[in-house]
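Chains as they are written, first to last, in UniProt numbering: chain A, 1 to 284; chain B, 1 to 787; chain C, 1 to 160.
Hints are computed from structural coordinates only; laboratory data are not their basis.
Just to be clear, a hint being listed does not mean it is correct.
A few chain A positions that, by computed beta-carbon distances, are all more than 10 Å from chain C [said to hold, decoys possible]: (1) P39; (2) P85; (3) E263.
Label pairs and their calculated CB-CB ranges [claimed, not checked]: (4) B:P493 x C:A86: 53 to 63 Å; (5) A:T12 x B:D104: 38 to 48 Å; (6) A:L238 x B:G765: 54 to 64 Å; (7) B:L274 x A:G140: 23 to 33 Å; (8) B:S613 x C:H89: 16 to 26 Å; (9) B:A441 x A:D257: 35 to 45 Å; (10) C:E14 x A:P262: 32 to 42 Å; (11) A:R44 x B:A211: 33 to 43 Å; (12) B:E78 x A:P262: 27 to 37 Å; (13) C:P155 x B:D317: 42 to 52 Å.
Under the rule of at most 27 Å between Cα atoms (straight-line distance), these lysine-lysine pairs were calculated in the DSS-like manner [as the list claims (entries may be wrong)]: (14) C:K5 x B:K17; (15) B:K594 x B:K571; (16) C:K80 x A:K29; (17) B:K159 x B:K187; (18) B:K310 x B:K242; (19) B:K594 x B:K17.
Even for Gly, the Cβ is constructed at its ideal location relative to N, Cα and C.
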Amino acid sequence: MIPPAFEYARPTSVDEAVSVLADAGEEAKVLAGGQSLLPLLRLRLAFPELVVDVGRIPELRGVREDGDTLVIGALTTHHDVIRDPLVRRHAGLLAEATATVADPAVRHRGTLGGSLAHADPAGDLPAVVLALDGEMVVAGPSGRRTVPARDFFVDYLQSALAPDELLVEVRVPKTDGWSYHYEKFHRVAQAWAIVGVAALVRRDDGRIAEARIGLTNMGSTPLRATAAEEALAGADGLDAVARACEAAAEGTRPSQDLSASPEYREHLARVLTRRAVLTAGGMG
Amino acid sequence: MTDQAVEHEVGRSRLRKEDARLITGQTNWTDNIQVAGLLHLAILRSPMAHARITRIDVSPALERPGVVAAFSGADLAEGLGSLPCAWPVTEDIVLPDHPPVAVDEVRYAGDPVAVVVARDRYAAADALEAIEVDYDPLPPVLDLEAALAEGAPLVHADKGTNRCYTWPLATGGSFESVRQRAEVTVKRRYHQQRLIPNAMEPRAVVVTPLAASGEYTVYSATQIPHILRIMLAVVTGIPEQKLRVVAPDVGGGFGSKLQVYGEEALALAVARKLGRPVKWTESRSEGYLATHHGRGMIQDIEVAATREGKLLGLKVDLLADMGAYLMLVTPGIPLLGAFMYPAIYKMDAYEFNCTGVFTTRTPTDAYRGAGRPEATFAIERIMDELAAELGLDPVEVRRRNWIRHEEFPYTSIAGLTYDSGNYEAATEKALALFGYDDLRAEQRERTERGAPVRLGIGVSTYTEMCGLAPSRVLRDLRYAAGGWEAASIRMLPTGKVEVVTGTSPHGQGHETCWSQIAADVLGVPFDDVEVLHGDTQAAPQGMDTYGSRSLSVGGEAVHRAATKVVEKARKVAAHLLEASEQDLEFTNGVFSVKGSPEAHKSIQEIAFEAFTSHDLPDGVEPSINAETLVDPENFSYPHGTHLCAVEVDTETGRTRIRSYVCVDDVGRVVNPMIVEGQVHGGIAQGIAQALYEEAVYDAEGNLVSGTMADYLVPSAADLPDFVTGRTETPAASNSMGVKGVGEAGTIASTPAVVNAVVDALRPLGVHDVRMPCTPERVWRAVKEASA
Amino acid sequence: MTHIKVNVDGTTYEDDVEPRLLLAHYLRDRLGLTGTPIGCDTSNCGACTVDLDGETVKSCSVLAVQADGGTVTTVQGLAKDGEWTALQHAFHERHGLQCGYCTPGMIMAARDLLSENPHPTSDEVRQALEGNLCRCTGYQNIVRAVLAASGQQVPEEATA
């Protein structure tokens, strides 16, 4: 199908992008890699008056360290995230999960920032950044603000970004010393996750000292499996982990769709959380 | 003596002639066609499954930039007849009117309601949004059983019923009487989900008119240029001789392009109205609504057997979803399966009933295998259930019932004469390649240990009827045309060869295989043969490509035409060599006189002699060209044994195929490489039905698996390697001994995979999992069995 | 209209285009480079895969304006002076295509894989082609073709 007509702007700096967005109001859409937006346009599910192509703003690209934090430019592509040595060393979970997103050609174009701003709870990366306790740096007409991941994902396809704001950076605390695993359950390689579990585990003396669990597609936003996280603290073996993970679906509100019922999703969340934690903790 | 091919071409894995253009992008897909002044057609489709159109106004579209014309159904009704159904299977079949654009009522989501013609495809797409349509919703009709109930809402109110037809078949003794004496009966209901064929090339059509003389060329992504030409003449009233239909490079079909589509008729009607060339290309998601679907049946099947597992009888009651209208062969699809339920098994009684039912969904029609995969699935599934009931190995229960190789030719209970086959040989070979006994041992071990990931083994010993079709049989089945195929051979003055075929390939490799056949018979080099097809001007006669018919009917025609050329050439050679015809030998393209090999003439030399006709015998016309039409005397019956091992994670319900082995007997093989490729692709599509694909409708009749993101076509990452093997019992019904291979893999693999899934779960109390066997369905089956 | 300048298969083109024009339609309808086909509208099928500035993209999911200043290689630009690439040879020799509609995308995706991973395993080939759908081949011969093009030994034919 054919996208509807729109005006097009291609700012070359963040400031210019923000001012273009501010002028346009609610009718503008930001185009980063376009891997979510273009299919929406082609199916005529979105009708922006203006598309703001931020793809040529160099400052939005790349990965750097800032003390104990890794700072990833919003425009960094999935392909580059997967291969970035800093990401691999300090946020391996992100690299691992990003490698499961879509397919190689889409990963060449799709960006970390675009995936997060799209705020699709079925996307893999929102739950990962949530599990990493990441923060979003957002530029707007009155300067920059930082939004924690837990506040960033507001509802289905809805982020905390105002229409005149642009996601510029993703900050994730380094997780050196944590082990991790992203357990994705999907029906075919290209399909969205029915459920995904992003697990980070810090072990101490043979026990799980701390666990962080992000859930993909278990509600209208990505979620943390808080009850399971609490129950996992101190777990010291397969049975203890299995018991703790029974709480993984608490507080979730998964949807009914073509690929699964809520009941099945809740079941999967429990099973996959156990598997993710065991794999992450080297206990599987 | 010229340097001639000596090695036999037939039987060699010749690399394909088709590939060069396809791997370099020098293709001629219909959508590639550009002509001066080309207009683009876009179609507004109903967003509702069933509604009355109370008002439609296309005029706002005319205000949009670049728009040349816009039409409602009423605007086009004159000069555009109902789309044809060529297979009215019973005398009293309900045949609803099927306008290419709906006039007052829409009957499925996607039913066309208006048409826009614009200067480019972007302008056309935009203008659709300006068209105003008011709908008065009518109740959707979705459930096949409810649709037949008294007082059900009707898809075609004027017909008074949703029942399209009921077609019965009863052979042998009465099923009821064998059931009375049976020691065991097993009855099951199986669901054949709707499938979307998904040929990779979306459909497209381009029409170029020559207004002055009323001539039209229709380029279409079709499997059936010849049938299409006839039908378009009927639908539009354009005289057949003024229509030329071309199937350029066509990117797959699988039955979905065995059709006379509304868009083809529409493009022609619009080109005639405007006197300008027009193009229509569907988008993938549009095609999901507009291109016919496959399968869509409810099967009630019952077998009666002895305690030893000997089949006594079989009864099948079928409800088949026609969709909203009858397309080209919609009603006949279940009938292609009707004769295949008894499969390779001997029994005393067979009863079959099929009722076609109208629903407010996209029409169904042929999809790879067309009726036969459904039949094979049901019989092969229930053979496993019978084995389980009797505590027998599934292979053993088949062995006790199948036709033994020494019993061929064998007339099946359904009345088909199976000419050849060897089920024992194929099965033994498959079991050995598979490592059946070792896998069974591992399965037992996992079961005993209560392993969370179970192993399942599925078998399918299928046969099929293909090589469609003997024309007299088609008459008896009330099909409106014959099943012959045409070929002609033109010997060019320079000694090169043109083969003209009535088959219309779209990926099968006919250019290569027909070259091999002709080269062998004529004794000319493979590269000297050019195959012409898919254009009613170049290849005026043909019945096209579907039903695994091309080789056994069309290839046979090439073989016979080439043989005729040799016989004609023999007369000329005898004259030139001053010998009698009986004294001539023909080897590797050269006639020579027995006993005096120095006296010889090559077939190329004779072609030139015929061209100059300076010295032809009296009464011989100046040509050694030949043409032939072949009407097959029987169907052909490929068969084989497919074995699948799956690992099923009982916790998540996920199925992983661990190994897949097949041994197919497709008779003599022209090109082993191409046969293997057909088998691979067929298996992949059958696995896709078993595990992944389904056209899902919601309660309002909307197609919710409406894009390729929702309808799960498996990728390379989702499928395993297949181990393929062959046995070879030549077909007796054609001179080459070939049987056909296009549909075999799809027919065989679906039951093999589902049997494996159920086999893995049977120790847990599971007896069936509905297709596609999604993780959730498997998980639920395990949960419900243990509850 | 937006002015763009794009090098495609060695030729530089300058055009004024609507911003919404898809790169795939620009190649096909404006430049007449119809070797790159379109098979879906959701970026699932991969038939339209081309190389943009050294990486594969699905040209139906990239705007022509996004390719401004870029270099595009399509399947039509692979053979040099009529000489096929190793991948093109391998697809031919291993029967890695039937109808051929997915083939341009498959070859471009495989080319991208081999540039990053010159000796992939069979599993790696399957993963790398996850975004390219084929309805004809069942993929096995495509995998064989890619392995063969990488110089690895591949059994000639599996049929026993």
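Hints, verified against the model:
Interface exclusion of P39 of chain A from chain C breaks down, the closest Cβ pair being 5 Å apart, not more than 10 Å. Listed as outside the interface, P85 of chain A is consistent with that label: its C-beta sits roughly 16 Å from the nearest C-beta of chain C, beyond the 10 Å cut-off. At the 10 Å boundary, the C-beta of E263 of chain A stays outside the reach of chain C, the nearest C-beta of that chain being 28 Å off. In this structure, P493 of chain B and A86 of chain C break the distance hint of 53 to 63 Å, their C-beta atoms being roughly 40 Å apart.
For the pair T12 of chain A and D104 of chain B, the beta carbons lie near 56 Å from each other, so the given range of 38 to 48 Å is not met. Checked against the hint of 54 to 64 Å, the C-beta distance between L238 of chain A and G765 of chain B comes to roughly 27 Å, which is inconsistent with it. Distance hint check for L274 of chain B and G140 of chain A: the Cβ-Cβ separation is about 53 Å, which falls outside the suggested range of 23 to 33 Å. Between S613 of chain B and H89 of chain C the C-beta distance comes to about 45 Å, which lies outside the given range of 16 to 26 Å.
A441 of chain B and D257 of chain A have their C-beta atoms about 41 Å apart, which keeps the hinted 35 to 45 Å range intact. Range check, E14 of chain C to P262 of chain A: about 54 Å between beta-carbon atoms, so the 32 to 42 Å window is missed. The hint said 33 to 43 Å for the Cβ distance between R44 of chain A and A211 of chain B, and at roughly 35 Å that hint holds. Taking 27 to 37 Å as the suggested C-beta distance range, the pair E78 of chain B and P262 of chain A does not conform, at roughly 53 Å.
At about 46 Å, the beta-carbon gap between P155 of chain C and D317 of chain B stays in the expected band of 42 to 52 Å. Distance check on the hinted pair: K5 of chain C and K17 of chain B sit about 37 Å apart at the alpha-carbon level, beyond 27 Å; violated. For the hint pairing K594 of chain B with K571 of chain B, the CA-to-CA distance comes to about 15 Å; that is within 27 Å, so the pair holds. At roughly 41 Å between alpha-carbon atoms, K80 of chain C and K29 of chain A are farther apart than 27 Å, so this suggested pair is violated.
For the proposed pair K159 of chain B and K187 of chain B, the alpha carbon gap of about 34 Å is over 27 Å, so the pair is violated. For the hint pairing K310 of chain B with K242 of chain B, the CA-to-CA distance comes to about 59 Å; that exceeds 27 Å, so the pair is violated. The suggested pairing of K594 of chain B with K17 of chain B is violated, with an alpha-carbon distance near 36 Å, which exceeds 27 Å.
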